[in-house]
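Protein chains: 4
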Amino acid sequence: MELEGVEIEDTFAEAFPIKVARVLITAVNEKWAMEAAKETTGFGTSVIGCPSEAGIDKILSPEETPDGRPGVAIMICHFKKDGVKGQLLGRLGQCVFTAPTTAMFNGLEAEETLPIKLHFFGDGFEYEKEVGGRKAWGIPMMEGDFICEEEYGVKAGVAGGNFFILAKDQMSALTAAENAVSAIRQVEGTITPFPGGVVASGSKVGSKKYKFMHASTNEKFCPTLRDKVEGSEIPEGVNGVYEIVIDGVSEEAVKEAMKVGIEAAVKVPDVVKISAGNFGGTLGKYQFKLKEVLGL
Amino acid sequence: MELEGVEIEDTFAEAFPIKVARVLITAVNEKWAMEAAKETTGFGTSVIGCPSEAGIDKILSPEETPDGRPGVAIMICHFKKDGVKGQLLGRLGQCVFTAPTTAMFNGLEAEETLPIKLHFFGDGFEYEKEVGGRKAWGIPMMEGDFICEEEYGVKAGVAGGNFFILAKDQMSALTAAENAVSAIRQVEGTITPFPGGVVASGSKVGSKKYKFMHASTNEKFCPTLRDKVEGSEIPEGVNGVYEIVIDGVSEEAVKEAMKVGIEAAVKVPDVVKISAGNFGGTLGKYQFKLKEVLGL
Amino acid sequence: MELEGVEIEDTFAEAFPIKVARVLITAVNEKWAMEAAKETTGFGTSVIGCPSEAGIDKILSPEETPDGRPGVAIMICHFKKDGVKGQLLGRLGQCVFTAPTTAMFNGLEAEETLPIKLHFFGDGFEYEKEVGGRKAWGIPMMEGDFICEEEYGVKAGVAGGNFFILAKDQMSALTAAENAVSAIRQVEGTITPFPGGVVASGSKVGSKKYKFMHASTNEKFCPTLRDKVEGSEIPEGVNGVYEIVIDGVSEEAVKEAMKVGIEAAVKVPDVVKISAGNFGGTLGKYQFKLKEVLGL
Amino acid sequence: MELEGVEIEDTFAEAFPIKVARVLITAVNEKWAMEAAKETTGFGTSVIGCPSEAGIDKILSPEETPDGRPGVAIMICHFKKDGVKGQLLGRLGQCVFTAPTTAMFNGLEAEETLPIKLHFFGDGFEYEKEVGGRKAWGIPMMEGDFICEEEYGVKAGVAGGNFFILAKDQMSALTAAENAVSAIRQVEGTITPFPGGVVASGSKVGSKKYKFMHASTNEKFCPTLRDKVEGSEIPEGVNGVYEIVIDGVSEEAVKEAMKVGIEAAVKVPDVVKISAGNFGGTLGKYQFKLKEVLGL
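Protein chains in written order, with the working numbering: chain A, 3 to 298; chain B, 3 to 298; chain C, 3 to 298; chain D, 3 to 298.
So that you can see chain A by itself, here it is in the shape it has in the complex (with noise of 0.2 Å):
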């Protein structure tokens, strides 16, 4: 298979589920509004080392936000809904609350809510307060007032969405990542939770050397280990390969954000095949095959 002269590998990407809440935060600016946004999904990669997987699904225009300002919605996603609880308490908290001119919002429309009360940090002060036909609480502080929402819905989701760029050389594979990560960044209800959207690093479960490792380099994805390990996946003339990792609300949304993806990274030069991660079809719930992804 091919789209526009790059090969597309015959496979597909392995997905878990996750439970996921979404925020929609919004400030006197776009700057401020993404200011929030990143510290509050920061140390936010992956479940495997970070208390959960966050990131920044979209730039919101002042249409898209109940107080009519500029906006970014973010995701936070974890294995269990009382972590997304702890988490959205700990993160909005900490790093919405305490940040300049931004107000928060669900951003996730689902049966189910999590209770997210700040209100009581107005020490009586507090009052509520109807924003674009929600009930909200507005709490004075230093700046102003805090305005938010305090329940936020949280449903099952997608995570470990992926595919895997390779190209001739690091810098064009690089290039390619950053595209497609976005293009993912315009479709709704998905993040890409790595550094910058991109993974540099490839793993496999345990290791062969070291016992006590649960995970370690995958040697056989290593361009530098291509002409020293049996079996490489590396093929020849490929010096850069990068990953990208999707999470998101529905299969549907992860399936978009990957076709995007793949869109914009094959535009760029030099970019010679994309594949995609998965475990033989045996650990994860959803399979997103390329083929059907991109409807060749």
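The set of hints was computed from the structure by calculation and includes no laboratory data.
Just so you know, these numbers come straight off a predicted model, no measurement behind them.
Just so you know, not all the hints are guaranteed correct.
Just so you know, same-sequence chains aren't split out, so a pair can sit in one copy or run between any two.
Straight-line distance between alpha carbons at most 30 Å, and here's what the computed DSSO-like set of lysine-lysine pairs gives [unchecked claim]:
| hint | residue 1 | residue 2 |
| --- | --- | --- |
| 1 | LYS293 | LYS210 |
| 2 | LYS261 | LYS291 |
| 3 | LYS211 | LYS157 |
| 4 | LYS211 | LYS291 |
| 5 | LYS119 | LYS222 |
| 6 | LYS137 | LYS287 |
Got chain A; can you put chains B, C and D on it based on the hints?
Below, chains B, C and D alone, put in the same frame as chain A:
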């Protein structure tokens, strides 16, 4: 006291001991060093509700980095040394190691060091390599090889250096706070851990109305409550207040950061007063008198 | 009249006919499309003292560009059609053609087109190529091949649409102006040609004191002269005023830009009034009444 | 010759005399100093087809500016002194004077100065004011008062310092060019006037096929023509080439800029060669040998 026509209150900032590590992240360009730095230091505004305090210290020119590439210095702060170690393992392992083109090196000379052993991830394919006179490891991965040191200095630092910016209105206070943060970004060995470096909320210990709250809004410092509470500390004509909180590797670094931050803030039109936060000198080990900090 | 609590003066903006061209610049990523766009449209605030008026219209997603890459739409405006042609030759030839990874395409359907023949630069090595259903040229150069169309639509547009933002202080007025510019950036077919989209100076025709000056400061609109001149138009309590000037491909586009710009501006705290600039309706062909623009 | 494993061709850059002015633009923050600087220096890549060459020299910290605010230094270059004067009047008057919160000051000590008299715009309301030991004018305007000096140094400088970056592929060459420009941004007294600092097209004098063309593509330096023309200068395996062009206030400044730019470029993976452009030493007054520039 006055500085450039702005009143300087004769008070002091009260601050606390904390353990600090400092890491140099380099990358192929400043963009990617900064992306990794932001992911690594996110969810790190206050040890009260975040896993640690963390922030960006300084942008590094190629001459300032061991591998001669562009870089960003970050700091990670925790009350306990073990806490710093756990946070370095988690944050560096998840957010620098996985980031495109990055390398990392120790950024703090100190008597004590913490071992952050990532080379086992290499599963035997890793190798030792000298970089800028330092002993580092090369670990083959998907994009190429990741380079890192494994011993990171940790020392006693200072948390909670601070000052307040009071202005006629919120936007002037915010612009002044932004400029203060930009100026402090140049002071080596200091971070402003809150979102975008700025704190919008002030708190008091406990709560009058809600006994289960450990902290609540400091109503005497809320401009919108100025005429509703007794003993408001908000002067007439002040409608916006922001706080800058500073962590540093030493008293000298925090003092210098307060100085340049205040000097930048008072340059902005409609800033009317600079103050600082303390607990009457009863709680913190360190006191930074504005008078001395500014040499007035 | 009021909008979100901000006074809207019952007045109108007076505007003029101008000739407009619109160009789509694409690149390997948005960064480089924007770099080229800024270089191309610089030194283009006002036809009074610049070679032309020029500015950035809109950031383009890959779906909006002929070659499926990220892009930026720009507009170039001159009183005369020949002036537009000369400016297209100079600006596109010097600032897009020379820029890394860029391509350029016509961005305006119009009855008349201007030939901008760059393919001769190829010295016979150039070749025709279809891109997105358009007839384009490929010109071999140092980085690879430059792709461009050679016929650019030109039509009668509108210059000098405008509104004024009056605020309690300069920083609030400036933040409101920034937000207005961001909002107008989304309206296709419009630019705000001044630096960062904002005008800091107002002028009157001629000068009372210096007879050799064709224009001089409009003292009645200077906050710092409020108490020094008779008949000041600056309301009490206003200390900062900015103007947004808009050029557009049509009256409808300018009207929409004024609407979204004003709606964004009034959201910023401490903005107190919106007005507009005119010459009593004696000079300009177009009048944009704020009442009608805002549907009040 | 080699630098960090990259071949350095034993050749030289040939450069020309030009007249240079340098202006310090300050603003309430770096954002607005930069917005004004970009507008002011746009449409300024080459004196061949632009009104002048112009670019951003350096970001200035508050300590480096007369008024203690953040700033950006720019340079404007023209073959003739009168040309510099006309360009200062036009560019500063239209693009700095009109920009929010800006002030401007002379940035070049020189024996000769050019009068740029903007104070008449004040229509008698202007006033003299000392700023940082300099004699300046305050001119009341809509946002507040504009502050500027009126005498700007002009001196003989150097135009056309340059080097070429050859890489295995376009994206590596581009990343290297970006890094070179970032490094040169730190060298006082130099600009890289092309879009984003980078030149994508190379030219030869005249044209073989089109006699009416004064310049055309240099086919020997086109990677895509490597196998189609005789005597191609593109080495095997090179697929992307960019040029960095440098103007400076002195030979020393240009030399230093070439040095730090090349040192930054060779750090990027897959860069294979650095060269420079000359006319055999027959046309330009200045020669910069790569060997001497780099101390090899």
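A quick look at each hint next to the structure:
For the identical chains of this complex, LYS293 and LYS210 are neighbours neither inside a copy (33 Å) nor across copies (49 Å), given an alpha-carbon limit of 30 Å. Within a single copy, LYS261 and LYS291 get their C-alpha atoms as close as 11 Å, which meets the 30 Å cut-off; across copies the closest is 46 Å, which misses it. For the homomeric pair LYS211 and LYS157, neither the shortest alpha-carbon distance inside one copy (40 Å) nor that between copies (34 Å) is at most 30 Å. In this homomeric assembly, LYS211 and LYS291 never come within 30 Å of each other (Cα to Cα): the closest approach is 33 Å inside a single copy and 52 Å across copies.
For the homomeric pair LYS119 and LYS222, the shortest alpha-carbon distance between copies (23 Å) is at most 30 Å, but the shortest distance inside one copy (49 Å) is not. Within a single copy, LYS137 and LYS287 get their C-alpha atoms no closer than 37 Å, and across copies no closer than 44 Å, so neither meets the 30 Å cut-off.
Violation of the numbered hints given earlier is confined to hints 1, 3, 4 and 6; the remaining hints are satisfied by the structure.
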